[in-house]
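**Q** Residue numbers (this note's numbering), protein chains in the order written: chain A, 1 to 335; chain B, 1001 to 1335.
Honestly, the hints are just simulated from the structure, not real lab data.
Owing to the predicted nature of the structure, the values given are computational and were not obtained by experimental measurement.
Treat the hints with caution; some may be incorrect.
Computed, partial: chain B to chain A, Cβ under 8 Å [as the list claims (entries may be wrong)]:
| hint | residue |
| --- | --- |
| 1 | Val1056 |
| 2 | Trp1089 |
| 3 | Ala1095 |
| 4 | Thr1111 |
| 5 | Gln1115 |
| 6 | Ala1118 |
| 7 | Arg1119 |
| 8 | Val1124 |
| 9 | Pro1132 |
| 10 | Thr1140 |
| 11 | Gly1238 |
| 12 | His1332 |
If you want the footprint, here are the derived chain B segments under chain A, 3+ residues with CB under 8 Å [to be verified]:
| hint | stretch |
| --- | --- |
| 13 | 1006-1020 |
| 14 | 1031-1045 |
| 15 | 1097-1108 |
Don't be surprised by glycine CBs; every beta carbon is placed ideally from N, CA and C.
Number of protein chains: 2
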Amino acid sequence: MVKLSEIGELELIKRLERIAPSAGPGVVKGLGDDCAVIEVGQEILLMTTDQMVEGVHFRSERTDPAKLARKLLAVNLSDIAAMGGWARWGLLAAALDGRTDLSFWETFTQTLVDQCSARDISLVGGDTSSSPGPAFFNLTLIGRADVGEVIYRSGAGPGDLVYVSRFLGDAAAGLVLLENQDLDLNPADRAYLLDCHETPLAEEELGPLLGASGLITAMIDLSDGLAADLGRLADAGGLGAEVDLETLPISPQAQALAGRLGMEAEAWALGGGEDYALLFTVPSSKAEELEGLVRRRLGREVRRVGRMQARSGLLGRKKGKTAPLNIRGYEHFRP
Amino acid sequence: MVKLSEIGELELIKRLERIAPSAGPGVVKGLGDDCAVIEVGQEILLMTTDQMVEGVHFRSERTDPAKLARKLLAVNLSDIAAMGGWARWGLLAAALDGRTDLSFWETFTQTLVDQCSARDISLVGGDTSSSPGPAFFNLTLIGRADVGEVIYRSGAGPGDLVYVSRFLGDAAAGLVLLENQDLDLNPADRAYLLDCHETPLAEEELGPLLGASGLITAMIDLSDGLAADLGRLADAGGLGAEVDLETLPISPQAQALAGRLGMEAEAWALGGGEDYALLFTVPSSKAEELEGLVRRRLGREVRRVGRMQARSGLLGRKKGKTAPLNIRGYEHFRP
Chain A
1 MVKLSEIGEL
11 ELIKRLERIA
21 PSAGPGVVKG
31 LGDDCAVIEV
41 GQEILLMTTD
51 QMVEGVHFRS
61 ERTDPAKLAR
71 KLLAVNLSDI
81 AAMGGWARWG
91 LLAAALDGRT
101 DLSFWETFTQ
111 TLVDQCSARD
121 ISLVGGDTSS
131 SPGPAFFNLT
141 LIGRADVGEV
151 IYRSGAGPGD
161 LVYVSRFLGD
171 AAAGLVLLEN
181 QDLDLNPADR
191 AYLLDCHETP
201 LAEEELGPLL
211 GASGLITAMI
221 DLSDGLAADL
231 GRLADAGGLG
241 AEVDLETLPI
251 SPQAQALAGR
261 LGMEAEAWAL
271 GGGEDYALLF
281 TVPSSKAEEL
291 EGLVRRRLGR
301 EVRRVGRMQA
311 RSGLLGRKKG
321 KTAPLNIRGY
331 EHFRP
Chain B
1001 MVKLSEIGEL
1011 ELIKRLERIA
1021 PSAGPGVVKG
1031 LGDDCAVIEV
1041 GQEILLMTTD
1051 QMVEGVHFRS
1061 ERTDPAKLAR
1071 KLLAVNLSDI
1081 AAMGGWARWG
1091 LLAAALDGRT
1101 DLSFWETFTQ
1111 TLVDQCSARD
1121 ISLVGGDTSS
1131 SPGPAFFNLT
1141 LIGRADVGEV
1151 IYRSGAGPGD
1161 LVYVSRFLGD
1171 AAAGLVLLEN
1181 QDLDLNPADR
1191 AYLLDCHETP
1201 LAEEELGPLL
1211 GASGLITAMI
1221 DLSDGLAADL
1231 GRLADAGGLG
1241 AEVDLETLPI
1251 SPQAQALAGR
1261 LGMEAEAWAL
1271 GGGEDYALLF
1281 TVPSSKAEEL
1291 EGLVRRRLGR
1301 EVRRVGRMQA
1311 RSGLLGRKKG
1321 KTAPLNIRGY
1331 EHFRP
């Protein structure tokens, strides 16, 4: 007998992708990207689902239900943003122990409804169940995108520049803080990093802007670390990539914490999950235009971290030398 | 501190319905029916989500993963059928203990994919996670319906006849058998009742036929027993209903088991969940036409079980006398 833990999440997903037909009524793209892309009449819909499980994604004794609701929404919003679209409708499934405080549920649902309403997302369906133990929350989001503006993981070409939308590794640094409450760090840095972990923000403005720009070739959201997610984007395009390790965008706060621990923050940037930044590729001829667009429209900078290559595999470049990037991102079922 | 178990599932859902806005972009009907009804361009979409939790909906040590996959699909298909539509796309979220056998996952997913493919449903999205204990499965289905053929829980008028699509209480009887393996019953009856519980069939043909017929006024699927679900349909229309207890359609198999236990199968029909038959209402002037249509098109009979009334509340009629039906259906969180 083989156990799931011997196989790991990535292999499980691959096996499911192998058996699920990729074509079907209205299916432009099924499994294998951040969202499914569905054609309904003249319209394009994006569909995604993401769960948060007590004891895996959060621990209820230290979890603020409002933060949990925001994060559950954000991780789903991030998938929709990564296709260049925006969310419109949501369905929530929740399983909870009967001994759970009603106030936990009420704060969770009120926050979710408020956060949805602020974005013109309607919570239109749900299912509640008791649970024999851990709490389980699953949100499905259905969004829209303009025809021709959907961005896939595939699509990058050799030589395209690789960008990320913001600092990397802050969520991983926040998790270290959460699990080591006695770590010494100044209160502002601590609050910033904890926020990055507990209430990440999806790139809801940037995603559709990039989708509509006509300047990018591929996109994915960073949920499992730069190495894992760039690996996925590269695989989807049949390419490889080189990461410039000396210019990885790392926040001063993550650097401060790494310094306190006597380690390099680079490990969080490459292998830490839950950043929910966007990772995207741009032909080098359009890089300047892209950077200018984001600066002009959103008043912010996107950060170049590497370059796609025809040869498969991920390389890291440091001090003029390259070496294979052997960093595994977060994977469920793996010990 | 108030616990969820003191409130119960119905009150939890009511509270969520109170805070979630009922209007939004494209929202024809949000929370509060079997599916959400969404308008996308000229098209109508139906959306529903349902979960199965280990230790609540099934026990893995006695659960065949193929049956579990069929049931998870059926309970969602039933919600779509109850609106008069048909399913097109599905998203699966699963959380499993890492010690789970890979063969459980493979049989589950292969069955789900096969069952979906047989119906032209595409499995287009998913999320896998480890679980610290019980397994959770959540399926979201998105379906279609023809404009003007969507049937809601509301819509019944006083005097409309109440129909169910098939025998009631078989799933509840099957659960009794499952939990009391040494009960004496003939093998064919046992197999039939266990099947009704373990692999219920959704009314995938009947639902769209009724939706398109123009003859019915309201519909709901029977997931929590006739009393609970008829109560919901009546509430949605601001009405009450009277159930004819002497003509409840009860299978010979359920009657045989009830006889063996020295009880009335009526209790299973009224209070037992998971039948996934359809419950619908028909103006009395159209009853004959409706019965004829179903007979002609599907070669089967639907069963009349009562009548809607202007006065709220549920009554049961037996031997010419009526009395309030005080039967509570299945409700999560209630002891």
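**Q** Indicate, hint by hint, whether the structure satisfies it.
**A** Status of the hints after comparison with the structure:
Taking 8 Å as the C-beta contact cut-off toward chain A, the hint placing valine 1056 (chain B) at the interface holds, the least distance being around 5 Å. About 6 Å separates the beta-carbon of tryptophan 1089 (chain B) from the nearest beta-carbon of chain A, less than 8 Å, and the hint is met. Hint on alanine 1095 (chain B) holds. Least Cβ distance to chain A is approximately 5 Å, under the 8 Å limit. Because the closest C-beta pair between threonine 1111 (chain B) and chain A is about 10 Å apart, greater than 8 Å, the hint is violated.
A cut of 8 Å between beta carbons decides the hint on glutamine 1115 (chain B): the least distance to chain A is about 12 Å, and the hint is violated. Interface restraint check: alanine 1118 (chain B) against chain A, minimum CB-CB distance 11 Å, threshold 8 Å, status violated. Residue-level restraint check for arginine 1119 (chain B) is violated (minimum Cβ-Cβ distance to chain A is 10 Å; threshold 8 Å). A cut of 8 Å between beta carbons decides the hint on valine 1124 (chain B): the least distance to chain A is about 3 Å, and the hint holds.
For proline 1132 (chain B), the interface hint holds, the least distance from its beta-carbon to any beta-carbon of chain A being 4 Å, beneath 8 Å. Interface hint status for threonine 1140 (chain B): upheld, as the beta-carbon distance to the closest one in chain A is roughly 4 Å, under 8 Å. Hint status for glycine 1238 (chain B): violated, given a least beta-carbon distance of 22 Å to chain A, over 8 Å. This hint holds: histidine 1332 (chain B) has a C-beta 4 Å from the nearest C-beta of chain A, less than the 8 Å allowed.
A count of 9 residues in the stretch 1006-1020 of chain B with a Cβ less than 8 Å from any Cβ of chain A is obtained; the coverage claim is therefore met, three being the minimum. Check on the stretch 1031-1045 of chain B: 9 of its residues sit with their Cβ under 8 Å from a Cβ of chain A, so the three-residue criterion for coverage holds. Beta-carbon proximity to chain A at under 8 Å applies to 9 residues in the stretch 1097-1108 of chain B; the threshold of 3 is reached and the given coverage holds.
In this structure, the earlier hints numbered 4, 5, 6, 7 and 11 are contradicted, and the remaining ones agree with it.
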